[in-house]
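There are 2 protein chains.
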Amino acid sequence: MAQTVAVSPLAPKSYPDLPAVEGVRFATAAAGIRYKGRTDVMLALMDKGTQAAGVFTRSKCPSAPVDWCRARLKGGKARALVVNSGNANAFTGKTGLQQAKFTAEIAARATGAPTGEIFLASTGVIGEPLDASKFEGVFESLVANASPDGMLEAARAIMTTDTFPKVATASVKIGGVDVTINGIAKGAGMIAPDMATMLSYVFTDAPIAASALQAMLSKSVQGSFNSITVDSDTSTSDTLMLFATGAAARRGAPKITTATDKRLGEFRKALDALLLDLAHQVVRDGEGCRKFVEVTVEGAASPAAAKKVAFAIANSPLVKTAIAGEDANWGRVVMAVGKAGEKADRDKLAIWFGTTRVAHKGLRDPSYDEKKVSEYMRGERIDLRVDIGVGKSTAKVWTCDLTKEYIAINGDYRS
Amino acid sequence: MAQTVAVSPLAPKSYPDLPAVEGVRFATAAAGIRYKGRTDVMLALMDKGTQAAGVFTRSKCPSAPVDWCRARLKGGKARALVVNSGNANAFTGKTGLQQAKFTAEIAARATGAPTGEIFLASTGVIGEPLDASKFEGVFESLVANASPDGMLEAARAIMTTDTFPKVATASVKIGGVDVTINGIAKGAGMIAPDMATMLSYVFTDAPIAASALQAMLSKSVQGSFNSITVDSDTSTSDTLMLFATGAAARRGAPKITTATDKRLGEFRKALDALLLDLAHQVVRDGEGCRKFVEVTVEGAASPAAAKKVAFAIANSPLVKTAIAGEDANWGRVVMAVGKAGEKADRDKLAIWFGTTRVAHKGLRDPSYDEKKVSEYMRGERIDLRVDIGVGKSTAKVWTCDLTKEYIAINGDYRS
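Taken in order, these protein sequences are the chains called A and B. Under this note's numbering, the first residue of the first sequence is numbered 102, with each subsequent residue one higher. Under this note's numbering, the first residue of the second sequence is numbered 102, with each subsequent residue one higher.
Derived from the structure by calculation, the hints contain no laboratory data. Everything hinted at is true.
Taking lysine to aspartate or glutamate and the EDC-like style, the derived pairs with C-alpha atoms no more than 16 Å apart in a straight line are:
#1 A:K462 with A:D446
#2 B:K195 with A:D466
#3 A:K195 with B:D448
#4 A:K195 with B:D446
#5 A:K472 with A:E427
#6 A:K505 with B:E506
#7 B:K195 with A:D448
Turn these sequences into a full structure, and let the hints guide you.
Below, the structure is given as structure tokens:
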């Protein structure tokens, strides 16, 4: 896959300082999986007793590491996470699972953790066998160098076509005690609902049991990573995991065993915001993007209908190319609403670009100021709002525009 | 919408001679709806008693002419067809339906046909009111000039971003008597299943009742116009109609009243082939296309599953950009199979480009000749075949590649 040199114009202007999460250490190395002259493997080491939760791609052809993680997650415990870029270890048959197991075994030897508590992910080319023997000897030095401060470097090591590392942090109180939540993510193309080509890992020192983590994560992903799309294509490798070391218990944080525990109120909000932040960063690194687009659907018959219509808009090549062309082409929005197949009443539909209503009651809004809208469309952020007019349900999804650069990144190469 | 000057590289090298269909006459004119210096309205006049059938967009926001036609089709009779380009008369509210009615009334005055037997279509920009008064006086000269030989010109008059007119013809026997089937189509973008941004009209002199025509058309569209996609976007205006003047009865052709009549055997086959030909021509004029792609899915659990997987492949931007880049990137095909959400077994999947099997049993085919495949990918036609390995159902769909030119056509303009 072509590596673009320039950083996305929608990249954050600066990275937050990531405070250490007690109980987690990071290290990265260049194992030479595919890329040269850059790190391509990261190891996260976690304290004994770390609780784990995860959600994975709904692809019917998942990668070997996804199969591996799903099976290991039943135990709810994690000691190490190994992520490599350059090779997805997907569609690699039985060899793929063997190489995943082999990777875990090498990591287990180096870290002393049981293989059942080692989680894996691979991202990069599909269909090429992963040669796990390249990790031999690498993990020992990773363990030796692991540091609580290595998280930004870890975010860099898992990049593929990403143009910037994606990180986020939050600090909240549980039972009056400060806990930290840090997250990293990667993803730029093959990004669609039901998890994107996307890896994201969130670490906290809060003492929260695996089942409670899982319940929170499964809920939070709906409004964040499952509400973004770059190109409607779903990866075989999508993985989002949440690890809680529990180290804050030593400072008096209460142990939480259920997701409904009221002391989680602040934590839950911070987790939602952090996942949304990371998901937005993935969209902001959408291949070839120049505009960040928020699509809001209101007045739908059900929440599912609202989301379906929102994605029909966000995935429409004609809507996305119009936005790239800085044209408030609401006719294409009507088209996308119509094709979603959900209940809609053409003569009740209203459409806004930014704060300007461009269409309502099945007609162009006669009073709208074209000059104002044209100026708005030149901006970097486009808010597109549609009121379907048939119910009370809403949805919000995020996408980017579709430019020639997307085609260049995904078509102008020879593999 | 930008008009591209060049003709699609996938355009047919020549047009067939269209024999006259007894009982139909065509005329075209430049009514100045939007375009200048080109014809933008066509009239087809049909003999009294002409039987009509039609299928229309499944968009929940259909255009006013689609609403008009659906209501008129209940009578099963047609005397005239009016199609304009330049304005879709879609999302134009009550005014839209008024202007459709007004158009029919002007046409009725000029042709002497009842308004209830006049069918309409409009294609072009969405959301602009259509000024039907532009047709005043135009229809009289159309009626005066209508000729059985005007069909190729009619195909030209309904073009929007099309780079070539789409026509097809067939001649078959019913009860030993020759009958003719001629068809025209338009469409280049906003092309997706459930009818594309696509208008197509088929005329025959065979004496077949409306109900039988409808049954044949509804069936035939599944494997033709409902099996193509350019960009996954569904238009508000898609219309396919089949008119039978019955003029061949004067030459002894038997009157057919049911679609199951055995004497329709040849006709039915010819209709299927003609619709497929026109549908392929639409794909071959796909905006910015350089390659014609046939996607065959075998071994699926059901016909619906096969078609869903086939469209997941045919609509995948990553598959389509890879084909544009002449890369046999079967990893992206695996991704598309996985995202379709239908039953699949990663370890039974097999994939072919042309006659070369590139992957099987969940692995790259170790014996495949990369040089041969690379050469194949440089061709103009790409056959992509996938065996899912879980059942016996098959589907075939057609699409084109996704190039920067598509973005240019749909993004590089100001409206």
